[in-house]
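Taken in sequence, the protein lines are chains A and B. If you number the first sequence the way the working numbering does, the last residue is 759 and the count never jumps. If you number the second sequence the way the working numbering does, the last residue is 638 and the count never jumps.
If you're looking for bench data, these hints aren't it; they were derived computationally from the structure. As the structure is a computational prediction, the values presented were derived from the model and not from experiment. All C-beta atoms in this analysis are idealised placements derived from N, C-alpha and C, irrespective of residue type, glycine included. You can take every hint at face value.
Taking beta-carbon pairs under 10 Å as the criterion, some of the chain B residues facing chain A (in silico):
#1 Asn-455
#2 Leu-458
#3 Leu-465
#4 Ala-472
#5 Gly-473
#6 Leu-474
#7 Arg-485
#8 Leu-515
#9 Gly-520
#10 Leu-525
#11 Ala-526
#12 Val-620
What follows is a list of derived Cβ distance ranges for each label pair:
#13 Gly-552/B x Gly-641/A: 53 to 63 Å
#14 Ala-603/A x Gly-545/B: 46 to 56 Å
#15 Ala-501/B x Gly-664/A: 47 to 57 Å
#16 Gly-664/A x Val-629/B: 24 to 34 Å
#17 His-502/B x Arg-665/A: 41 to 51 Å
#18 Gly-535/B x Arg-667/A: 23 to 33 Å
#19 His-613/B x His-722/A: 48 to 58 Å
#20 Gly-664/A x His-613/B: 32 to 42 Å
#21 Lys-749/A x Ala-468/B: 36 to 46 Å
#22 Val-629/B x Asp-725/A: 28 to 38 Å
#23 Gln-488/B x Thr-626/A: 14 to 24 Å
Far from chain B by the CB rule (all over 10 Å, computed), these chain A residues:
#24 Ala-578
#25 Arg-579
#26 Pro-619
#27 Asp-697
#28 Asp-700
#29 Val-724
#30 Glu-729
#31 Arg-747
#32 Leu-755
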Amino acid sequence: MTTHAGRWPASRTSASAQASAGKGTAAARAARSAFRPRRIVTSLVAAVLLTAAGTITAIEVVSGVAGHPARLVPYTRVADWMRHTSWTHWGVLAISAGLVLVGLWFLLAGLIPGRPRVVPLRGDDRDLAMAVTRGGFRNALAAAAEDVQDASRAQVTLRRHRVKVYVHCPAHAVDAVSEQVRRSVAGRLEEIRPLARYKVVVKPLTRKG
Amino acid sequence: MDRHAARLNRVLLVLTGLLLAAAGGAGLALGLRAFGSARAHQPVLSGQTRHFATAHGWYWPVVAALAVLLAIIGIAWLLAQGRSDRIGGVVLDEDEHTGRTIVPAGTVATALQDDIERVPGVHAARVRLSGKPSAPAVRVNVAYDRRADLLELRDRIRDSAFARLRHTLELERVPAVVRLRLVTGDERRTVE
Numbered sequence: 551m552t553t554h555a556g557r558w559p560a561s562r563t564s565a566s567a568q569a570s571a572g573k574g575t576a577a578a579r580a581a582r583s584a585f586r587p588r589r590i591v592t593s594l595v596a597a598v599l600l601t602a603a604g605t606i607t608a609i610e611v612v613s614g615v616a617g618h619p620a621r622l623v624p625y626t627r628v629a630d631w632m633r634h635t636s637w638t639h640w641g642v643l644a645i646s647a648g649l650v651l652v653g654l655w656f657l658l659a660g661l662i663p664g665r666p667r668v669v670p671l672r673g674d675d676r677d678l679a680m681a682v683t684r685g686g687f688r689n690a691l692a693a694a695a696e697d698v699q700d701a702s703r704a705q706v707t708l709r710r711h712r713v714k715v716y717v718h719c720p721a722h723a724v725d726a727v728s729e730q731v732r733r734s735v736a737g738r739l740e741e742i743r744p745l746a747r748y749k750v751v752v753k754p755l756t757r758k759g
Numbered sequence: 447m448d449r450h451a452a453r454l455n456r457v458l459l460v461l462t463g464l465l466l467a468a469a470g471g472a473g474l475a476l477g478l479r480a481f482g483s484a485r486a487h488q489p490v491l492s493g494q495t496r497h498f499a500t501a502h503g504w505y506w507p508v509v510a511a512l513a514v515l516l517a518i519i520g521i522a523w524l525l526a527q528g529r530s531d532r533i534g535g536v537v538l539d540e541d542e543h544t545g546r547t548i549v550p551a552g553t554v555a556t557a558l559q560d561d562i563e564r565v566p567g568v569h570a571a572r573v574r575l576s577g578k579p580s581a582p583a584v585r586v587n588v589a590y591d592r593r594a595d596l597l598e599l600r601d602r603i604r605d606s607a608f609a610r611l612r613h614t615l616e617l618e619r620v621p622a623v624v625r626l627r628l629v630t631g632d633e634r635r636t637v638e
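Only chain A is shown next, with the shape it has when bound in the complex (with noise of 0.2 Å):
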């Protein structure tokens, strides 16, 4: 474990400097934007829907005008389907809830802003947006706690707000591992400075026999 020799000392992340980067700052916001899903997945089936509607609509209906139909879509039968059916029919309802549905996907992958598959870091300066990869998140946070004497092995699994260490330890110390563990995690979360703030929650393992 010589993971972090060359790391500064805890003292140096001040509380004017935390105070300073607060949630609402510019450079969170900055941090915060720049990591975001950009919805690309979703925009694509959109546009291809899209292109396809159009075109065909477009052909359709010119070289209906112009008198010698495509006929890309059997015209003729859809429109005595929908000439012989009512509002109530099945059919049209489902294609209408379709409709919705797909409707409400593209509203809502619009809408909400979407979280980022990586941890976006506190900065002071609003031109540099840091992100870490969830991983790497863990791995720092692990290693944090494998610093506690007689912990070991200790595993991070990352919620919302929420980091959960399970750490094995020897079943007489505890209370004491986990304590230290969690204030040896916590200290290092104040280092890393992640956007959200996360929770610590110690899980310890004891080995059995």
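Please arrange chain B on chain A, whose structure you already have, making use of the hints.
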């Protein structure tokens, strides 16, 4: 890879979503007798609609024009996904006497890459320049391994690599997005 596409995506997704949801919602409302039972039992394509289309000469041309418009929006939207805002060079200084000096983006990127790769534990750095040649922005992907310390990495990138970049380019602000990626992350657990 630019945020411009992200904003475009969101706006168009909301508009398309509204359109589809409104159309589907209207169909459902009709079918579920929100507009009365008589209206609900009329055929989807009623004689009235057909009569309207034949009575008004502008109907089909307007439909065709709308369809073409939709298709154009769709194609432009598709193309926007692949478009990148990379720039080929950075304008260093521009005044009447010396003219303009342009540094190729590759040179700037390589210099920054080398600076970052000098930080212990950094495997590789990939730098891309975007924005405007007179106001470039930087996007960096840093692959670091378990020997690197996340805090030191972060401080050194900010305090030395980017400070130098700003100094070299003689710019006060160079917006940057940095993604730190741990490679060989699982090694730590197996090597122990």
